Structure formats: structure tokens, C-alpha cells
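Novice: Below, each chain spelled out in residue letters.
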Amino acid sequence: MHAQWNDRESLVHPSSAPDYIREEQLRSLQLQRLRAITRHAYENQALFRERMDETGVSPDDIQTLEDIRKLPFTQKTDLRDTYPYGLFAVPMNEVVRLHASSGTTGKPIVVAYTNEDIEVWKEVMVRSFACAGLHSGDIIQNAYGYGLFTGGLGAHYGAEALGATVIPISGGNSERQIMVMRDFGTTAICATPSYFLHLIEYAEKMGIKWEDLPLRAGIFGAEPWTDEMRKYIEEKTGIKALDIYGLSEIIGPGVGMACEQQEGLHIFEDHFMIEIVDPVTDEAMPDGEEGELIITTLSKKAMPVMRYRTHDITSIIAEKCGCGRTIRRINRIARRSDDMFIIRGVNVFPSQVEAALLKVEETLPHYQIVLTRDGGMDQMEVQVEVTANVFTDTVRGVEAVHKQLSDAIAHILGIRVKLKLVEPNTIERSMGKAKRVIDNRQND
Amino acid sequence: MKLKQLSVFLENKPGRLRELCALLADNNINMITISLADTEQFGILRLIVSDCEAAKNILEEKGFVAKITEVIAVEVNDEPGGLRDVLQVEEAAGISVEYMYAFTIKSGENAVLLFRFDDMDKAVDALQSTGFKVLDSVALFQRTDG
Ligand SMILES: [Zn+2]
Chain G
1 MHAQWNDRES
11 LVHPSSAPDY
21 IREEQLRSLQ
31 LQRLRAITRH
41 AYENQALFRE
51 RMDETGVSPD
61 DIQTLEDIRK
71 LPFTQKTDLR
81 DTYPYGLFAV
91 PMNEVVRLHA
101 SSGTTGKPIV
111 VAYTNEDIEV
121 WKEVMVRSFA
131 CAGLHSGDII
141 QNAYGYGLFT
151 GGLGAHYGAE
161 ALGATVIPIS
171 GGNSERQIMV
181 MRDFGTTAIC
191 ATPSYFLHLI
201 EYAEKMGIKW
211 EDLPLRAGIF
221 GAEPWTDEMR
231 KYIEEKTGIK
241 ALDIYGLSEI
251 IGPGVGMACE
261 QQEGLHIFED
271 HFMIEIVDPV
281 TDEAMPDGEE
291 GELIITTLSK
301 KAMPVMRYRT
311 HDITSIIAEK
321 CGCGRTIRRI
331 NRIARRSDDM
341 FIIRGVNVFP
351 SQVEAALLKV
361 EETLPHYQIV
371 LTRDGGMDQM
381 EVQVEVTANV
391 FTDTVRGVEA
401 VHKQLSDAIA
411 HILGIRVKLK
421 LVEPNTIERS
431 MGKAKRVIDN
441 RQND
Chain Z
1 MKLKQLSVFL
11 ENKPGRLREL
21 CALLADNNIN
31 MITISLADTE
41 QFGILRLIVS
51 DCEAAKNILE
61 EKGFVAKITE
71 VIAVEVNDEP
81 GGLRDVLQVE
91 EAAGISVEYM
101 YAFTIKSGEN
111 AVLLFRFDDM
121 DKAVDALQST
131 GFKVLDSVAL
141 FQRTDG
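Order-wise, the sequence lines are chains G and Z. The first sequence begins at 1 in my numbering and counts up by one. The second sequence begins at 1 in my numbering and counts up by one.
I should point out that these hints are in silico values taken from the structure, not numbers from a laboratory. Hints may contain errors.
Stretches of chain G that chain Z covers, calculated by requiring three or more beta carbons in the stretch to come under 8 Å of a beta carbon on chain Z [claimed, not checked]:
no., segment
1, 381 to 388
2, 394 to 401
3, 420 to 430
Some chain G residues well away from chain Z (every beta-carbon gap over 10 Å; in silico) [unchecked claim]:
no., residue
4, Arg35
5, Asp60
6, Lys76
7, Asp81
8, Gly147
9, Gly163
10, Gly207
11, Ser299
12, Gly324
13, Asp338
14, Pro365
15, Lys435
16, Asn440
Simulated pairs of lysine-lysine, DSS-like, Cα-Cα distance not exceeding 25 Å [claimed, not checked]:
no., chain 1, residue 1, chain 2, residue 2
17, Z, Lys133, Z, Lys62
18, Z, Lys62, G, Lys435
19, Z, Lys122, Z, Lys62
20, Z, Lys56, Z, Lys67
21, Z, Lys56, G, Lys209
22, Z, Lys56, G, Lys418
23, Z, Lys13, G, Lys420
24, G, Lys435, Z, Lys13
25, G, Lys236, G, Lys435
26, G, Lys236, G, Lys359
27, G, Lys418, G, Lys205
28, G, Lys433, G, Lys236
29, Z, Lys4, G, Lys236
30, G, Lys359, G, Lys240
31, G, Lys420, Z, Lys67
32, Z, Lys4, G, Lys403
33, Z, Lys56, G, Lys205
34, G, Lys76, G, Lys433
35, G, Lys236, Z, Lys62
36, Z, Lys62, G, Lys209
Being a predicted model, the structure only gives us computed values, none of them experimental. Yeah, the Cβ is synthetic: ideal placement off N, Cα and C, and Gly gets one too.
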């Protein structure tokens, strides 16, 4: 059968077909894959088998999609404790690639891919780029770090498979990034949102005007960011800033992606099964209600991860998306349950501070939260860089800015915290994931 | 008849003012006068320099937030009552002072008062019509050079 020129499928990359699959078909595909992966993990992962046996659950008990709740959770610590190869479920000669996450809090974790896994990863990345409206002919500047981090190679292979032109520039060297963006005619860039903010500043310094560049989309991920930040980037540059979601533990980037409607992120459900649970009671949450995102890899052979606790807080959007994709969406992940800290009895997430700061006009979103402990009490100071836009030369003027920012934070958090205006460039710029919270509580 | 002034945001941290002064000196920017408005949280440094634009560029390159603003320079005899007379004129014209500072010209007995008023144009008119000597940059630099 030949596709008509005006068929929906013919307008998007063929890999995107599963995005439009009928709901019943999708659920039965999921069930079939869930049963197969449960069996594969049971037979080849000692840790998973032990836990199943402990609770007396067998792979045959998976009869419906809801039965996934009978399976044990996987924690990040499980991946660390089995370092390096303890969770691999295929012989080493079938593993074609390893990636690892940096071990900021102890041992790193190692993840593995078979050839087939790499193909799946490529496919979900193609579908991600297609969500962003990219296609063959686009020039994609990949500023994610290449190396053990999954971002660089994940986006690279996906962009090639899409048929786009990839510029494998990796992270860092901001002046060259801007120069390449201009001279090579980059139409889309992959980066962490905080690094792109840094590039915005840099371009301004170099006297580059965004409207002169062909750049039209940014695929931003690898760290939580807010919708306020998205609007800021879009207003400043005129590009579409799209959120991509992924975790090394699951596959890397490409678990989910915002489409051009920009209302949440589509999850590639035929490969990743999602649940939302109450992070404390583990109870399943209904659609639309916030909780911790749990992901099960439905296709991954080298290292299946069953019911992974992401610590990412979000909710499922059950309504159909205007773009026509039938795979469900989750809301933007702006916070993680383990990012939270408690100040004077109030739960605080860094993203709340970011949202508050960006509500105050013309403030550049370069901020940092410093936590200290004073007499057993946790203290929080927000440091915000002053810019020429907000600097007036009277004490009263600067104090008004200070008050505006401080009020905006107090309004969102419900408590008043210390706020300090600092000189430009005093907050460290990151080439990858931004360090928003400096925790000095242990050192006091 | 307004004078260009450079205003710089300073965080309260040791050595920052010294760095700034060294930076200007290294670039042959002559400081005519300087004033620091200091609060617990931050400071605003106000400078009258030989080349405002150049100084601004140098400072911005080194990461300072700097802004060119305007002040009015009034020359008075360096004797009691000089400031009071100016304030009386402005008060009568319904203008208020946002901030002020002063310095003495090295060659003579005259003082220069620098003002930021809420209505700068009206302030110049009021001063000139009552016979005050309002200095522009040329006049000010002539007096400070010798
Ligand atoms: Zn959509």
C-alpha cells in the first residue's frame, strides 16, 4: 500500500508511526512486551529473581498491565550496589556499548546496550526529534557532552537516523558554539537548558542577534527546568524551547519529548511503561494527580530495569494531544523528590525559586541556593546576579529590586528567605547540568 | 548642563573596590571624584571620571554592572552655607534630592557639589535662574586639571 502525499504518516518520519497507534493496540503491545521482559529479567537478573521469589511472584502472574504492581521496584542504589556489571542480563559478547553516570554521591552506575537496544534508542530519539518538528535537512548542533554521559551519543545517533545533519560539537567552548551556530546555519541545538542560557549571554556579548540566525528549535534536557525558563528562552531568542526527558538508567535521552503543542511530554509508551505512585505510600495515583514517576523498560535486553523509581515528580495527562499522537503525556518535570529540602518546616524545591525569580521581569535567571546550618536550623540564601537591566543607581532602586525578588520567593514558598544580590558572573556557569544548590550543611 | 557619572554595583566583599580602582588606573582613566553609597547588603559606587564610556566598557568587560547616569555639578564657595543655599533654591522649586556628594577643587577655595534630583531639568533651570554656577564637563575638567 502506498502512502498518499497527504497521509499523516507520510509527513512524519516512518519511525514515528507507533506515536499514532490505536490505544487498544498500544496496550496489548505493552502487555506482550511486559510479560516478555519480566520473564527475561527473572531468568537473567539475580537480584530481580531473588526479590520476586521472596514475595512469591512469578512472571506468569503478569496477566494484565495492572499486574505490574506486583513486581518489585528498582532503586538507584540497586544499580550502584551491583556495580559494575551485576544487572546485565545478556552475555558480555552481546553487549555492544557501555555508558556510565558520574558518581557525584559515591560509585557511578554502568548501563549496557545490545545492538537491538541501540536500535531502540535510535528510534526513540528519531521520534523525539520528529516531535520537535525536525526532519531530514535540519542541521542539528549537538552540544550535549560526548562520552560516558548518554546525552551526546544518544542525540547523535538519533539525529543521523532522522536524516538530519549532525554537528558533533559536544559541550563547552561557548565562543565556538556561537560561531558554528552562525556559520554552519544550525537550525536546532541540543543542550542542557542552563548551558543554553550561558550561550544566550555569550551571544549577546559577541553582538550576535538571534533573529539573524536560522536556529528555530532547542532540545533541552538532562536537568529539571521550569516553564518560566522556557518562556524566558523563547522570548529572548525567538526559538521553540522543547523539553526532552530521559535517564541513563532507563536508556538515556528519548524516554519522552514535548511536541510542538508544548503541553507536556509524550512518553514512548511502546518501549517505556509509566506509572505514577505516591512517593511515600507507593499507592498508584490516578491520572492528573502528582506523584513519583516509575518507569519499566519494555524492550531493553542488555539491562532491563523494572519499575524504576525516578524520584521525578509529575502527573499523567490522559487527554488526547492536539498533535494527533496517541501515546500519553506527562507534565513537565520541574522537581525531583530528592531535590527537596526543608526550611523552617516548609518543603522547598529549587524549581519554585526559579519560577519566582523569572516572574520578576528582566531578571536574568542566574541564581544559586546556598544551604547552611545554623544552630541546628537549616538556612537558605538565594543569590541572584544583578544585571544592567535592573540596576538603577539609587539605593532605593536596588532595594526595590531586592524586595521584588524577595517578595516573589516568599509568595511561592510561603516563608521569607535570605536573598543576596551578587555581581555578574559570580555564580559558576556549567557546561552540563547546572548546580543550583550549594549544600554547606555538613561542613558547618 | 548635566554631567555624566558612572554608577557601579558592588557586592559587599573585600577587595572589590580596590580591584576596580586598579583597573581604572591601569587603563589611564583619571578619577575626579568618587563616592560610595553603602548598605548592609550592597554598595553603589559613583564616579566622575575623565572618560565615562571607556571606563564603563573596561568595567563591564571585567564583569561589573555599570551604568552611565547624570548628575548636576554646582560650584560654590567652600564656606558654611554653600549647600544650604542650593537646597533652599530646590526646595522652593519643589524638587527633592535623591542623593548628593561633594569635593573640593585642589587649586582653589571652591567646592563642587554633585546632585541627583528627582527632576533634573527643572533643577538646572532653578539653579541657573538664581545665579548658581552649574558646571558642565568641560568646565569641571578645566578646574580639576590645574
Ligand atoms: Zn503532542
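Novice: Please go over all the hints and tell whether each is borne out by the structure.
Specialist: Each hint tested on the structure:
1. 381 to 388: holds (count 3)
2. 394 to 401: The restraint on the segment 394 to 401 of chain G holds, since 5 of its residues have a Cβ under 8 Å from chain Z and three suffice.
3. 420 to 430: holds (count 7)
4. Arg35: holds, 59 Å
5. Asp60: holds, 65 Å
6. Lys76: holds, 38 Å
7. Asp81: holds, 44 Å
8. Gly147: holds, 30 Å
9. Gly163: Answer for glycine 163 (chain G): holds, closest chain Z Cβ roughly 43 Å.
10. Gly207: holds, 13 Å
11. Ser299: holds, 49 Å
12. Gly324: holds, 48 Å
13. Asp338: holds, 32 Å
14. Pro365: holds, 16 Å
15. Lys435: holds, 19 Å
16. Asn440: holds, 17 Å
17. Z:Lys133 with Z:Lys62: violated, 37 Å
18. Z:Lys62 with G:Lys435: Cα-Cα ~23 Å, so holds.
19. Z:Lys122 with Z:Lys62: Roughly 36 Å between the alpha carbons, so the hint for lysine 122 (chain Z) and lysine 62 (chain Z) is violated.
20. Z:Lys56 with Z:Lys67: holds, 7 Å
21. Z:Lys56 with G:Lys209: Given pair lysine 56 (chain Z), lysine 209 (chain G) holds - Cα atoms ~22 Å apart, limit 25 Å.
22. Z:Lys56 with G:Lys418: violated, 30 Å
23. Z:Lys13 with G:Lys420: Distance of about 12 Å is within 25 Å: holds.
24. G:Lys435 with Z:Lys13: holds, 23 Å
25. G:Lys236 with G:Lys435: Holds, at roughly 23 Å.
26. G:Lys236 with G:Lys359: holds, 15 Å
27. G:Lys418 with G:Lys205: violated, 31 Å
28. G:Lys433 with G:Lys236: holds, 21 Å
29. Z:Lys4 with G:Lys236: Distance ~31 Å between lysine 4 (chain Z) and lysine 236 (chain G) Cα, so the pair is violated.
30. G:Lys359 with G:Lys240: Answer holds: lysine 359 (chain G) to lysine 240 (chain G) is near 19 Å, not above 25 Å.
31. G:Lys420 with Z:Lys67: holds, 20 Å
32. Z:Lys4 with G:Lys403: violated, 28 Å
33. Z:Lys56 with G:Lys205: holds, 14 Å
34. G:Lys76 with G:Lys433: Holds - the C-alpha atoms of lysine 433 (chain G) and lysine 76 (chain G) are around 19 Å apart, at most 25 Å.
35. G:Lys236 with Z:Lys62: Judged against 25 Å, a Cα distance of about 24 Å means the pair holds.
36. Z:Lys62 with G:Lys209: Holds: lysine 62 (chain Z) and lysine 209 (chain G) sit about 22 Å apart, inside 25 Å.
The structure does not agree with the numbered hints 17, 19, 22, 27, 29 and 32 stated previously, though it agrees with the rest.
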